[in-house]
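Peer 1: Chain residues, written in single-letter form:
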Amino acid sequence: MPSEPDRVAVGRVGKPHGLDGGFFVEGASEREGVYAEGATLYAGGEPATVVASRRGSGGRPVIRLDRDVERGAELAVERTTLPSLTDEDEFYVFQLVGLSVEEEGGRQLGRVREVLEYPGNDVLELDSGASLPLVEACVRQVDLAGGRIVVAVGFADPD
Amino acid sequence: MASVATLYDIHGNLAALEAVLAEVPDDSTIVVGGDVVAGGPQPSETLERLRALGDRVLWLRGNADRELYPGEPGLAPPGLLDETRAALTEEQIEFLYRNPPTVTIGRTLYCHASPRNDLDIFTERTPEEQIAFLFANVDADVVVCGHTHLQFDRTIAGRRVVNSGSVGAPYEGPPGAYWTLDLEPRRTGYAGMQEPETSREEWLDFCDAHAVRA
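Chains as they are written, first to last, in my numbering: chain C, 1 to 159; chain E, 160 to 373.
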């Protein structure tokens with residue numbers, strides 16, 4: 001079994017759906033195949049197999065696993081099972097968490113603590129408390145190799 | 160950074176939205192301040208027009224967006240939102256429901272009604288001492304709100320508080336679409352614009368009677 005750092009969160013066990021143990025996935029990954037029947041998910045840290053999978057209201061995944069899981073439990077996959085991203089503007093959340101963030105001009109703003117996912121755009125939450133929209137007008141460069149994100153002046157608190 | 164346009168309370172009025180978008184500079188960031196579709200003639204088309212702008216738009220959730228979601232309590236009388244709900248897909252309703260309550264750009268906080276919720280009512284003439292508590296602990300120099308469909312720019316508890324006005328259903332004297340560009344008030348005329356059935360004075364009286372108190 002891979003160790004925890006080798007896994008990537010892809011959602012959370014949400015509210016029940018139906019009477020057969022199915023549930024909505026909250027904060028679901030948009031990656032194709034993550035919730036497909038037969039796929040392995042780590043629920044609450046232990047492996048489970050997806051035995052039923054479909055789309056519920058709003059397009060959210062509704063799945064059933066081969067064992068009971070608690071609502072709120074984290075769902076994760078092994079990092080090595082995720083496909084490589086081909087679009088240079090696409091990133092996995094785990095790639096962004098921990099990157100340092102600086103303004104054009106060099107002012108340091110902090111490190112990415114979390115990526116909040118909203119339907120319109122995602123938001124970078126920094127360890128300094130700043131919130132920055134993950135949109136082109138704000139995020140000018142994501143430099144994975146250099147471990148940094150460069151944002152436009154004006155979106156962060158100037159103080 | 161480039162300019163910021165605020166488009167609040169569009170309420171499914173596509174003609175008003177189109178007129179405003181024709182005046183918004185191409186490189187502006189657009190804050191859509193909630194109540195995007197409810198009660199208006201073209202809810203789906205209005206939402207898709209805005210979504211087609213991609214990540215130029217930063218979205219907020221208003222009370223009428225939230226109340227489209229099944230089981231959500233709020234201000235809208237029963238049945239009022241049924242027509243809008245029927246005109247939208249589940250995906251569109253979910254999109255509106257899951258948007259955040261606030262957005263921050265620099266030292267400006269954008270919210271729908273007040274920093275604490277999407278329902279609080281206050282206007283240009285609500286006494287400052289009555290509503291100072293809403294802003295006293297807000298970590299921002301400027302707060303932009305909407306919700307009451309009346310544009311204003313005033314100081315409350317040391318913060319500049321700007322009501323963006325309503326694009327689609329203002330209770331203002333001169334008809335048109337009300338919005339702001341870099342916090343400056345704008346009014347845009349368009350074909351088919353109408354004066355509100357409730358006058359500005361009548362609406363201010365209503366807001367006085369229902370204004371938030373500590």
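Simulated from the structure, these hints should not be mistaken for lab results. Errors might be hidden in some of the hints.
Cβ pair distances, simulated, as ranges [said to hold, decoys possible]:
1) E/Arg359 / C/Gly27: 36 to 46 Å
2) C/Gly45 / E/Asp298: 34 to 44 Å
3) C/Asp66 / E/Pro236: 45 to 55 Å
4) E/Gln289 / C/Thr49: 57 to 67 Å
5) E/Arg359 / C/Gly147: 40 to 50 Å
6) C/Gly59 / E/Asp241: 20 to 30 Å
7) C/Ala36 / E/Pro286: 57 to 67 Å
8) E/His369 / C/Gly33: 49 to 59 Å
9) E/Ala373 / C/Gly147: 40 to 50 Å
10) C/Glu70 / E/Glu361: 49 to 59 Å
11) C/Asp87 / E/Asp298: 14 to 24 Å
12) E/Asp298 / C/Glu26: 46 to 56 Å
Residues from chain C that face chain E, not an exhaustive set, calculated with beta carbons under 10 Å [what the hints assert, rightly or not]:
13) Ser57
14) Gly98
15) Pro119
16) Val123
17) Cys138
18) Gly154
19) Asp159
We put the beta carbon where it would ideally sit given N, CA and C, even for glycine.
Peer 1: So, for every hint listed, does it hold in this structure?
Peer 2: Tested hints:
1. In this structure the hint that E/Arg359 and C/Gly27 lie 36 to 46 Å apart at CB holds, the actual value being about 44 Å.
2. Here the CB-CB span from C/Gly45 to E/Asp298 is close to 37 Å, well matched to the stated 34 to 44 Å.
3. Range check, C/Asp66 to E/Pro236: about 47 Å between beta-carbon atoms, so the 45 to 55 Å window is met.
4. Checked against the given bound of 57 to 67 Å, the beta carbons of E/Gln289 and C/Thr49, roughly 59 Å apart, stay inside it.
5. Between E/Arg359 and C/Gly147 the beta carbons are some 55 Å apart, a value that contradicts the proposed interval 40 to 50 Å.
6. The beta-carbon spacing between C/Gly59 and E/Asp241, approximately 23 Å, falls within the hinted interval of 20 to 30 Å.
7. Separated by about 59 Å at the C-beta atoms, C/Ala36 and E/Pro286 satisfy the suggested range of 57 to 67 Å.
8. Remark: the range hint 49 to 59 Å for E/His369 to C/Gly33 is upheld by a beta-carbon distance near 51 Å.
9. Range check, E/Ala373 to C/Gly147: about 47 Å between beta-carbon atoms, so the 40 to 50 Å window is met.
10. Range check, C/Glu70 to E/Glu361: about 53 Å between beta-carbon atoms, so the 49 to 59 Å window is met.
11. Separated by about 36 Å at the C-beta atoms, C/Asp87 and E/Asp298 break the suggested range of 14 to 24 Å.
12. The beta-carbon spacing between E/Asp298 and C/Glu26, approximately 29 Å, falls outside the hinted interval of 46 to 56 Å.
13. The interface hint given for C/Ser57 is met, as the beta carbon of that residue sits about 5 Å from the closest beta carbon of chain E, less than 10 Å.
14. For the restraint placing C/Gly98 at the interface with chain E, the shortest Cβ-Cβ distance is roughly 22 Å, beyond the 10 Å limit, so the hint is violated.
15. Given hint, C/Pro119 at the interface with chain E, holds; its Cβ is 4 Å from that chain's nearest Cβ, closer than 10 Å.
16. For C/Val123, the suggested interface contact is upheld, since its CB lies about 7 Å from the closest CB of chain E, less than 10 Å.
17. The beta carbon of C/Cys138 is positioned within 10 Å of a beta carbon in chain E (closest approach about 8 Å), and the interface hint is therefore held.
18. A hinted interface residue such as C/Gly154 counts as satisfied when its beta carbon comes closer than 10 Å to some beta carbon of chain E; here the least separation is about 3 Å, so the hint holds.
19. Checking C/Asp159 against chain E by beta carbon gives a least distance of about 8 Å; that is within 10 Å, so the hint holds.
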